[in-house]
Amino acid sequence: MASHSTPLIETQKIAKSYGSVAALNGVSLKVHAGEVLCLLGDNGAGKSTLIGTLAGVHRPTSGKLLVEGREVVFNSPRDALNAGIATVYQDLSMVPLMSVARNFFMGREPVKRWGPVSYMDMKFAERVTMEQMHAIGIDLRDPQQAVGTLSGGERQCVAIARAVYFGAKVLILDEPTSALGVAQTSMVLNYISKVRARGLGVIFVTHNVRHAFAVGNHFTVLDLGRTVGSFPKGQVSIDTLQSLMAGGKELQDLSQELGGTV
Amino acid sequence: MTPPTIPAPASSAAKPRRGDDRLRKASPFVALTRRPELGAVGGLILVIVFFASIANKAMFSLAGVMNFMAPSAQLGILAIGAALLMIGGEFDLSLGSMVAFAGFTLSLAVVVWKLPLGVALLLTFAVAVGIGGINAQITLRTGLPSFIVTLAFLFILRGLTLVGLKWASGGLTQLRGVKEAAAGSALLPIFSGNAFQGLFRWMAARGWIDSFPNGTPKVEGVPVEILWCAGLTLLVTWILLRTRFGNWIFAAGGDAKGARNSGVPVGRVKTALFIGTALCATLVAVLTVLDMGSTDARRGTQKEFEAIIAAVIGGCLLTGGYGSAIGAFIGAVIFNMVSIGLAYTGIDQDFYLVFLGGMLLVAVIFNNVVRRRVTGER
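Protein sequences, first through last, are from chains L and U. Heads up, the first sequence is in the numbering used here, so the first residue is 10 and it goes up one at a time. Heads up, the second sequence is in the numbering used here, so the first residue is 13 and it goes up one at a time.
Just chain L, same shape as in the assembly:
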């Protein structure tokens, strides 16, 4: 896949330490347009710190961050957003009590003016929301329906659709499938592959190798803040990734004990 082109986003030996603790210790990765990079790692591997660095939440201690080949420094999440890097966090940044339309445009409300008075263009917001939801296959009753009534998978898809609608070039998805059932997970994975097909770069953070395998083009495994493996699709097996994530043989042993169910 288009590996000869300029990556949408690239990190070179990014490191981040908190006092004497190194949360990230020189991680390099590249994401091209139309590619899903799966960032795998167990809890505490440094995934969240890496996301925070890419999303502009905190600045790296050392290393370079490049967007479309140019070096950038993000001082705030707003900077990252303006550079086209949108992060969908686990809490989705949605308010369950508010309607889908109001959530979709939260913080970026369409405004109309009438003399000195400005007001929210609810008609536009509702029409766009219905169109977008229809496009991703969520059958909304009406745009005033509260987000709280959607299923977990639907909410995840709304959050992704919102980022795409507002012009994201790179999507960072933080554990989008971790709390979902089987049907919901396949809905979200399906949507991720649709987003990829539209030419966006996706960084899919997960600790579920099977979910990663379903949509990933490239797999990077983190452990203790380092890259312990980086493979294009087809050059690595689920089992190898699984054992890399677990930091050794133990999980495989356990897996055999449990009859290969882990």
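Just so you know, these hints were derived from the structure itself, not from any lab. Don't be surprised by glycine CBs; every beta carbon is placed ideally from N, CA and C. Warning: the hint list may mix true and false statements.
Stated by the list, open to error - Quick list of simulated restraints, FRET-style, between CB atoms: (1) L/G28 - U/R254: 28 to 38 Å; (2) L/K121 - U/G243: 49 to 59 Å; (3) U/V131 - L/P125: 42 to 52 Å; (4) L/D148 - U/A138: 47 to 57 Å; (5) L/K121 - U/L156: 35 to 45 Å; (6) U/R254 - L/L233: 33 to 43 Å; (7) L/K22 - U/L156: 41 to 51 Å; (8) U/L253 - L/K73: 21 to 31 Å; (9) L/S29 - U/G155: 48 to 58 Å; (10) U/L156 - L/P241: 44 to 54 Å; (11) U/V376 - L/S29: 49 to 59 Å; (12) U/G155 - L/S85: 19 to 29 Å.
Said to hold, decoys possible - Here are the simulated DSS-like pairs of lysine-lysine, each with C-alpha atoms no more than 30 Å apart in a straight line: (13) L/K178 - L/K132; (14) L/K203 - U/K230; (15) U/K269 - L/K73; (16) U/K269 - L/K121; (17) U/K230 - U/K191; (18) L/K121 - L/K132; (19) L/K178 - U/K269; (20) L/K132 - U/K178; (21) L/K132 - L/K39; (22) L/K178 - L/K203; (23) L/K73 - L/K39; (24) L/K39 - L/K203; (25) L/K73 - L/K121; (26) U/K178 - U/K191; (27) L/K242 - L/K73.
Based on the hints, put chain U in the right spot on chain L.
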């Protein structure tokens, strides 16, 4: 090619699960039940039916209606401020003390400093902006619950009012003579007295409303606070439902972290809401001081609780992110119909406290049910 062997028609397989109730079309009725003030409207109907069937007919005469609508409007203004702040996820317990403090500020400026009414009003509202801002900044910077911060200001403002009034009046906790000092000001009829007096005289002359033997109507007009409250209800409802700032209020109260991540300036929104609440308290202070011509250090006592109760009866969630201005106003009307209406019945008036407590409890339980339905929590 053989004909399809799958027995089910293809269309039904392609469609999402139709039995799922999330996919039903929303009827206007469903849209109506989604409004936060639904419970309050039901409560209002119940209360009206109750009093219409057992109370003296005088309660629902024009004079009787004005009798409970005037205090309802005053409480309504406070309740709308409290409701907005509550939707934004915060409380202001200093609301009642702010009424007294603003009354003191206005009287001081008019009676002691002899400022023109317009200047005195500007000063009073400016002080309110300052106090609302202080409440907001302490709450936001310390991360303490606004409940505690504004509880402190409940005492601080009440104490300052007492001390200030004694200093200004030479030992009393009242200050009189505001009306005399402000006499002739063009601003006076905006904040005191009755509106539409000509219309009421005209209606009395035609015999449409009751009048005294000399021809003057028994009800001279609509008390101005009712117009202020109605205007405020419309304005705040529009802000909540039709402006970007309204969207930010719901977002800040529904989930401050999510709102912040989406680019909503939560701190600025909450600061504006604290200031708005203080301004509502000040408006009520101005209306009462100019109407009665005096101020008293006890003005507004317990109004913070009454305002919160009215907001909750009106459908506001104590946890924020949900509620309405119309609901808060209806809550205030229910509150005053019950407390004043009992005088028109044979029931001991002190029962109103029992009614009130019961209504608050029912409202909170009902709101919780609504919340669960809206958010799909189980």
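Evaluation of the provided hints:
Taking 28 to 38 Å as the suggested C-beta distance range, the pair L/G28 and U/R254 does not conform, at roughly 49 Å. Here the CB-CB span from L/K121 to U/G243 is close to 23 Å, at odds with the stated 49 to 59 Å. Checked against the hint of 42 to 52 Å, the pair U/V131 and L/P125 fails, with Cβ atoms roughly 26 Å apart. A hinted range of 47 to 57 Å for the beta carbons of L/D148 and U/A138 is consistent with their spacing of about 53 Å.
A C-beta distance of roughly 39 Å is found between L/K121 and U/L156, which places it inside the suggested range of 35 to 45 Å. Restraint check, U/R254 to L/L233: a C-beta distance of roughly 52 Å breaks the suggested window 33 to 43 Å. Hint check: L/K22 to U/L156, Cβ distance near 42 Å, so the stated range 41 to 51 Å holds. Between U/L253 and L/K73 the beta carbons are some 47 Å apart, a value that contradicts the proposed interval 21 to 31 Å.
Range check, L/S29 to U/G155: about 28 Å between beta-carbon atoms, so the 48 to 58 Å window is missed. Taking the beta carbon of each, U/L156 and L/P241 are about 52 Å apart, inside 44 to 54 Å as hinted. At roughly 50 Å, the beta-carbon separation of U/V376 and L/S29 lies within the given 49 to 59 Å, and the hint holds. For the pair U/G155 and L/S85, the beta carbons lie near 20 Å from each other, so the given range of 19 to 29 Å is met.
Taking the CA atoms of L/K178 and L/K132, the gap is about 27 Å. The hint holds against a cut of 30 Å. Among the hinted pairs, L/K203 with U/K230 is inconsistent with the structure: their alpha-carbon atoms are about 73 Å apart, more than 30 Å. A C-alpha spacing of about 29 Å is found between U/K269 and L/K73, which places the hinted pair at or below 30 Å, so the restraint holds. Between the alpha carbons of U/K269 and L/K121 the distance comes to roughly 27 Å, so the proposed pair stays at or under 30 Å and holds.
A C-alpha spacing of about 23 Å is found between U/K230 and U/K191, which places the hinted pair at or below 30 Å, so the restraint holds. Note on L/K121 and L/K132: the hinted pairing holds, with a Cα-Cα distance of about 11 Å set against a maximum of 30 Å. Restraint check for L/K178 and U/K269: the C-alpha separation of about 24 Å stays at or below 30 Å, so the hint holds. Simply put, L/K132 and U/K178 have alpha-carbon atoms about 56 Å apart, too far for the 30 Å limit, and the pair is violated.
Restraint check: the Cα-Cα separation between L/K132 and L/K39 comes to about 40 Å, which exceeds 30 Å; the hinted pair is violated. Between the alpha carbons of L/K178 and L/K203 the distance comes to roughly 14 Å, so the proposed pair stays at or under 30 Å and holds. Straight-line distance between C-alpha atoms of L/K73 and L/K39 comes to about 12 Å, which keeps the hinted pair within the 30 Å bound. For the proposed pair L/K39 and L/K203, the alpha carbon gap of about 20 Å is at most 30 Å, so the pair holds.
Using a Cα cut-off of 30 Å, the hinted pair L/K73 and L/K121 is violated, with the two alpha carbons roughly 41 Å apart. A threshold of 30 Å between alpha carbons decides the hint, and for U/K178 with U/K191 the separation of about 20 Å falls inside it, so the pair holds. For the given pair, L/K242 sits about 26 Å from L/K73 by alpha-carbon distance, which is consistent with the 30 Å threshold.
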